[in-house]
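**Student:** This is what each chain is made of:
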Amino acid sequence: MRTDLSPFLNWSIEITLVALLVSMLIAFVRLVRGPSLADRIVALDLLTLLAVSVIAVFTIREDQPAFLDAAIALGLVAFLGTVAYARFLERRGRHDSGVEEPRA
Amino acid sequence: MSVLLLEILTAALLLGGAAFSLISAIGVLRLPDVLIRMHASSKSGTLGAGMILAAVAVLYGTDQIVARAVAAILFLLLTVPVGAHIIGRAAYVTGTKLWPGTVMDELRADHERRECEKQEREKRERGQEEREERNP
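One line per chain: the protein sequences are U and P, in this order. According to our numbering, the first sequence is numbered sequentially starting from 477. According to our numbering, the second sequence is numbered sequentially starting from 11.
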């Protein structure tokens, strides 16, 4: 908690961090459950996007503007990773379906 | 006074960004097929991350930090749609099943025609190779 900020801003920072953590957990559930490889790539993409957000929130929370550079770098790497995964998926060819079976 | 105003704006942007991130994560979990899930992750995910980066820019307000935050937002706006397009294409080409409730699939005719052409071309090339093997 920073002392030079109003209490309500400090609380919004904490609430934002918790919400981002919950979002990451939910995205992780999709990453584990699949069912197709494309689903996992989408979930991984969302996870890195959420990590960029977390770094941005920490910039404010710890008063360290240098963290923003890490956020930009992570965005770059995430894009390259997504493109690489998609190329791999396209080269690998047909495999699995993507529609979840309706659960009983 | 204006500091308080900036703090209120920052808090609003932070909470809004968190809400959009949460919505996109729930969408990725709950929606029925890859293309629809991607719709949730790319659009509202970008908006959520963009709002949080904008909150950093608003709170600090110095040239360097605003420039970095705006650069990060512009970069997200450039790369996320491109990435989503590439994943969507890869998912469609690898034969991911669409949601049963899908009303229209305008890409199918084009895609099937291309697959047929590819197979014919491969068959022709194979035939040519065999002929060359028989009379060199």
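In short, the hints are calculated from the structure, not lab data. Do not rely on the hints blindly, as some may be mistaken.
Said to hold, decoys possible - One side only, chain U facing chain P, incomplete, derived with CB under 10 angstroms:
hint, residue
1, M477
2, T479
3, W487
4, A503
5, V505
6, V518
7, L526
8, S529
9, V559
10, R568
We treat Cβ as the ideally placed atom computed from N, Cα and C, and that holds for glycine.
**Student:** Give a verdict on every hint.
**Tutor:** Outcome of the hint check:
1. M477: With a closest approach of 14 angstroms, the M477(U) hint is violated.
2. T479: violated (14 angstroms)
3. W487: holds (8 angstroms)
4. A503: holds (5 angstroms)
5. V505: holds (6 angstroms)
6. V518: With a minimum Cβ separation of about 5 angstroms from chain P (threshold 10 angstroms), the hint on V518(U) holds.
7. L526: Hint on L526(U): holds, closest Cβ of chain P at ~6 angstroms, below 10 angstroms.
8. S529: holds (5 angstroms)
9. V559: Hint holds; V559(U) Cβ to chain P Cβ min 6 angstroms, cut 10 angstroms.
10. R568: holds (7 angstroms)
Violated hints, listed in ascending order, are 1 and 2; each of the other numbered hints is respected by the structure.
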